[in-house]
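Chains H and D, in that order, are what the protein sequence lines are.
Going by the numbering used here, the first residue of the first sequence is number 1, and it counts up by one from there.
Going by the numbering used here, the first residue of the second sequence is number 1, and it counts up by one from there.
Since the hints were made in silico from the structure, they are not lab data.
Don't take each hint at face value.
Said to hold, decoys possible - Partial list, computed: chain H residues near chain D (C-beta under 8 Å):
1) Leu65
2) Pro132
3) Cys159
4) Ser164
5) Ser167
6) Glu172
7) Asn173
8) Phe177
9) Lys178
10) Phe187
In this text the structure is predicted, and so the values were computed from the model without any measurement.
C-beta atoms are modelled at their ideal positions from N, C-alpha and C, and glycine is treated no differently.
One-letter residues, chain by chain:
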Amino acid sequence: MSLQKEYDVFELGSKLGYLPYMIDRFIEMLGECETKELIKFNETTLPQSIRLNSLRNSFENSERLLKKKGIQLEKNTEFPESRTITKSPHPIGATPEYLNGFYILQGKNSIYPPRILDPQEGELIGDFAAAPGGKTSHLAQLMNNKGIIIGLEISANRCRSLKSNLSRMGVENTAVFKMDARNAKDFNLQFDKILLDAPCSGSGIIINDPTRKKSKSLKDILHYHDYQVSLLTTALNVLKTNGELVYCTCSLEPEENELVISDILKKVDVKLSEIEVKGKPGITKFLDMDLEKNLTKTRRLYPHETNGEGFFIAKLVKNYE
Amino acid sequence: MNKPTFRIRTKEENKLIMDTMEADFGSNVLVAFKEYDFWIKEGKVKEVFTVPKESSDLITKISILEPYSAGIPIGSILSNSFHLEIEGAYMISNYTSKKITVKTVQFLYGKPIFKENITKYEEDFDKNDQIIVIGENKLFYGVGRAEISSRELSSLEENTIVIKGSRKKPLDVGWYLRGGS
Ligand SMILES: C[S@@+](CC[C@H](N)C(=O)[O-])C[C@H]1O[C@@H](n2cnc3c(N)ncnc32)[C@H](O)[C@@H]1O
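Pulled out of the complex, with its shape left as it was, chain H reads as follows (with noise of 0.2 Å):
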């Protein structure tokens, strides 16, 4: 469809497949114009990225190999190992230099919440919604594969793909449990840091599934809340005190992003931390919503800011024992 006309933004959003409640939502968030350039950015296909992982070969060598082959590489973001596909002669998750585990497909957003918690060499880490381990094998690179990761997974097909990719990646710190993460408290541990890269109804990745403008309703958005607060909940229990937590999502809808942080924010005594991160600050308003102001402090990439995959992220920090 030419995209060339000017639509009306819900003429738009019908037109490109959008449930109608959606495009009311993006615009309570966005404004009309900024929802026309979001829903029309999710028509064109994301760059290829991938980050290189110094556990199994040097950046430059990696770099080096792929090049040889015609892979054309850009650096795209503050940190060393995110690379961006600008050409490529082969399919870039087939190559041997892949098989070798040297680098693994993942968007170039997903960079942010491990580097943001900072995991240290021998930290104790959880990763508690860990499959496939894109961020699980990010966490273990920056550790040196030094200290220890726990990643939970609750879904056996997935914990195969965990396992899979973290043996490819050369990960070695992390130890992988089949479970349900509300259930961390049976570990009798305390976490120094961890990431919660909660289950989510997807409205920051229409752009990698447009199935998605159709598939989830205000119910399943409502019942993501509740299910994401309660995995939060737990987390932050097992977390030591003063330990730091990350909270992402790659849904865009404030019910599972802000308004999840404002629940903890009543219930438990966590502070907010800034991050470093280009993007929008998190909504303080929604609705008949009137949220904590600092609440600003967590962040939200759009796709069409960000040439990359929706997220919200938020950084927590518990102050109770």
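Using the hints provided, position chain D with the ligand relative to the given structure of chain H.
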């Protein structure tokens, strides 16, 4: 009480794993596992994982919950013999000269390595020896068993299979694309 399905190796299993690797690849390779404990996941076969000591101590402590996996899966034990698999072979590949270099990617599709595919071998090998397979640019491809000895190489015809491929076993890194796990 149920027997745990993910447990630390017994002394006998430890010996079996180490002895097999030493016999197949030389005593240097044992260095690769110095800072690790082997763990066993029981199932149809016993899967062997190599786990850094620090993680190993922690998993021992949290015995109430059992890992799905930990560290790196390096092989399996079946009928009392240890079979090295992809990642175990990767870990030892820098500590052994039981290696051949090939100029074909076919091995990554579970296909055999023929005589004419071999560009180099670092050490003589006998029939049935385990050999690490290296590809272009020194990339690790996997591990396989020799069908003939290196001494026979020069006298044999092209198309002679030197190492059989395997689509069904986790012996080459192409396994990751064949949906292996
Ligand atoms: C957004 S994905 C995580 C992506 C992953 N962090 C990565 O970077 O590759 C969310 C994952 O959480 C898992 N999950 C859902 N509910 C869970 C629960 N209660 N406990 C543990 N894992 C859960 C899902 O199966 C899914 O694999």
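Comparing the hints with the structure gives:
no.: 1; hint: Leu65; verdict: holds, 6 Å
no.: 2; hint: Pro132; verdict: violated, 11 Å
no.: 3; hint: Cys159; verdict: holds, 5 Å
no.: 4; hint: Ser164; verdict: holds, 4 Å
no.: 5; hint: Ser167; verdict: holds, 5 Å
no.: 6; hint: Glu172; verdict: holds, 5 Å
no.: 7; hint: Asn173; verdict: holds, 6 Å
no.: 8; hint: Phe177; verdict: holds, 6 Å
no.: 9; hint: Lys178; verdict: holds, 4 Å
no.: 10; hint: Phe187; verdict: holds, 5 Å
The earlier numbered hint that this structure contradicts is number 2, and it is the only one.
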